[in-house]
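Here the protein sequences come in this chain order: V and X.
For what it's worth, my numbering labels the leading residue of the first sequence as 1, then goes sequentially.
For what it's worth, my numbering labels the leading residue of the second sequence as 1001, then goes sequentially.
Accuracy of the hints is not assured; some may be wrong.
[Stated by the list, open to error] These stretches of chain V come out as covered by chain X in the derived footprint (C-beta under 8 Å, 3 or more residues):
#1 185–198
#2 305–316
#3 378–390
#4 534–548
It should be emphasised that the hints constitute simulated quantities derived from the structure, not laboratory data.
Ideal placement from N, C-alpha and C gives every residue a C-beta, glycine not left out.
Chain by chain, the residues:
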Amino acid sequence: MSLERPDTVDDGAVERTPDELEALLGDLVVDRDDHLNAPGFVIRPDTVQETLSILKEQAGYDHLSVVSAQEYENRYESIYHLKKFDDPTQEVSVVVPADKDNPVSESAEPVFRTADWHEREAYDLIGVEYDDHPDLRRILLPETWQGHPLSMDYDKDRPQIATLPEHANPLEEHHKDAESDTMFLNIGPHHPATHGVLHLKTTLDGEQVVDVEPDIGYLHRSEEQMAQNGTYRHQIMPYPDRWDYISAGLLNEWAYARAAEDLADIEVPEYAQVIRTMGAEMCRIAAHMLALATFALDINGDFTATFMYAINDRERVQNLLEDLTGQRLMFNYFRLGGVVWDLPEPREEFFSNTRDFLDQLPESIEEYHNLITSNEIFQMRTIDTGILPPEVAKNYGATGPVLRGSGVDYDLRRDDPYGYYDELDWDVITEDGCDNFSRLLVRMREVEESAKIIEQCVDLLEDWPEDERNIQANVPRTLRPDDDTEIYRAVEGAKGELGIYIRADGTDKPARFKIRSPCFSNLQTLPEMANGEYVPDVVAALGSLDIVLGEVDR
Amino acid sequence: MGTAPAQLFPEFLVDAFGIDSVLGDVVASLIGAALVANIILAFSGVAGPWAKRKITAAFTDRIAVDRIGPYGLLIIPAAAVQLLAKELIVPEGVDRPAWDIAPILLPASAMLGFSVIPMGQIGPLNIHLADPEVGLALVFAFASIASVSLVMAGYASNNKYSLLGGLRAVAQNLAYEIPLIVTAMSVVIFAGTLQISGVVGAQTETLVTIAGVSIPSWFAFVNPFAFVLFLTANMAEIGRNPFDIPEAPTEIVAGYQTEYSSAYFVLFYLGEFVHIFLGGAILSVVFLGGASGPGPESISFIWFVVKVWGFFLFTQWARAAIPRVRIDQLIEIGWKGMLVLSFANLVLTAVIVGVIA
């Protein structure tokens, strides 16, 4: 069966009970603080590296999904959400309290590279300081920002002066000798290839890149804080559409829906799950089409036909999504416990439109293969450029098509099933090239798989008995999850693992709402791919990562 | 066809008005130059704001300009007013006057190239300004001045993207100019002359006759290998996909053009279009029998226009369909591939011509 994962003989795949894990960690565990999704071990702030090493090396928890930090009345707290790439249902949380007056905690960066950016964000927004961190600077806010906006004593009325210093070449002295000299180049924040407002601090030696550092935060809109100010039931759902705003809306909504439904123990009717699955895969096609279009733009130049062809196909999906949800980008279609309304009437028309789209899709994909993937120049440009080896990708917490393009078989739709995916017949796509070409190919093949899923959903929906079309579970008007319950739940978004961490405090609003953005972690791998390559390859690598700055910066 | 080449345009004027003096020669040459310049400017004026949009739109399933005037043609004056009315922003620290000369040099050099191109006849008028004995060498020399302009613009702009664009322009032109000219020289061996009328004249005879249709001995048919080589090198020479590396908008913003606005920007664009047309003109002179074609000699200007615009269309097609190569790959193709092939072609042609003739 297609959903069977290949047998892996690895001691990491062995599932350990929470008590066994506690025994493994021994004295490192000072307390237990279990979350809804995983056992939580409280450790001392100076044993972070030791604890995570044991969990990674001996228990096989090789995926640090996210670091979420928060401030309590009496302490600061960083939580390391760990999983296994082999089986993401095996989760464990490492809870690290830090002193209220002197919030210092050991950095996890030497164990998991991905902790670098996540801890910088926690420092920037919450104010936890990480000892032994290689580069603890602000990441989303300007360097001159005063205070930490998500901390309790933050003075939001204080005027902020963000100065604009000239960026200096970090390698100026290091690389200067009789033969060579380096040039510092700001790529972005306004540049045709940055897919939004991203700033790459690039140091060049001729045309070759010796150092590139992504500078993010230009599109930071306090999405987490806005969600913390909204009620679970209705006010949060419109925000996810605005993270990965390029047509992946329903996938984002599902991330919140899944976390909140598990938090409040809401069962979603099967019929609604099928509709959700269908809508989400339509969004995935739209998102991958745009990724393909902009990647062609990066490689071909700005007059390419591929761009418009792919936008045309995306337009067709968007018409379907508009029929379904009434909106083209900011859908706001999911509700906790279901979806907002049933399929549009007349249903037959919607089904036949969807089938028409699915019927012409293979032809379009064939055309893209003719235009780009089978073009020798295109292959010359993308094969063996932007190499991301699987171990490096895992260490950086890369997920989605980026990770699958490096040959790692990891897809939450199959490995941590939700919705209706485990009832359907489809395959997880991987490519072993680890290069720009593989990442593109993964997306193109995933479009075909999504089409298969949509087709099966349409079949199911067509034959669904009329009196069993229940789109919405009974959900209380006001949701108040129990005090001090915590949950981290993720779905397979268009770009990878899109996760939400929520801590409830007994009110109708989350006390902490943390978004694990796949683009954020994926973008962090850019220097690994780009260093030593040519400028055009950096642009290609960035395009193949398919980042959306709305999701990177939140 | 095959008769003595018609009178050059300035000579025709001198005879027609009986102004046979030094002053008369000067006046006739100026009138001739003005006519040719206006033809070329009319091409570029149509191509720039209108034809390019329509062509690109046709390639990409769109409609493009259709609101202003019939078929959107009034976009041409509208774009002219809009572009010229914009403010000319002179960035701090630019190296003047080099920064000001570069945008003038590009269209001027390309336009000069047309002085030796035979553009065919309209009735009794033979639109051909001059026919020096080194015509072909001269036209390549004029076309090459363009790279000087790009380097000047790139270096004088005081912008890192411009500098990268300028450097790329030099690297690209060095890698492609040599194969381009060496390939053209193989044609010169066939024709036995550098004089352009001679090169065109050598292509008038019938190569073969198939089913009553006689195929002329255009060098594209005589030596298709050289034609493909030349076409490829020509794409690099004019800087279009897959070789639009000096501009490469998604990599280095706009390369050497980054800091230019308003009239200077227009001049650069004009220069680029004139350059494409010059590339087409050289191609048609060297490989496609100049302005010749079916029908009487007196309408051969139409064939010239068709060939030049055909080449323009080809460049736009390549732009819509073909990815861009990387600068190091381009240099590799140029020095390791094209150069070797073009010399092989030259030697082979020389041997064949030497043995057979």
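task: Closer than 8 Å, Cβ to Cβ, for at least three residues: run that test on the stretch 305–316 of chain V against chain X and report holds or violated.
output: holds (count 5)
query: Taking 8 Å as the C-beta cutoff, is the stated coverage of the stretch 534–548 of chain V by chain X satisfied by three or more residues?
result: holds (count 5)
- request: Quick one: see if chain X covers the stretch 378–390 of chain V, three-plus residues with Cβ-Cβ under 8 Å.
  value: holds (count 3)
query: Are there three or more residues in the stretch 185–198 of chain V whose C-beta lies closer than 8 Å to some C-beta of chain X?
result: holds (count 4)
The structure meets every hint from the earlier list without exception.
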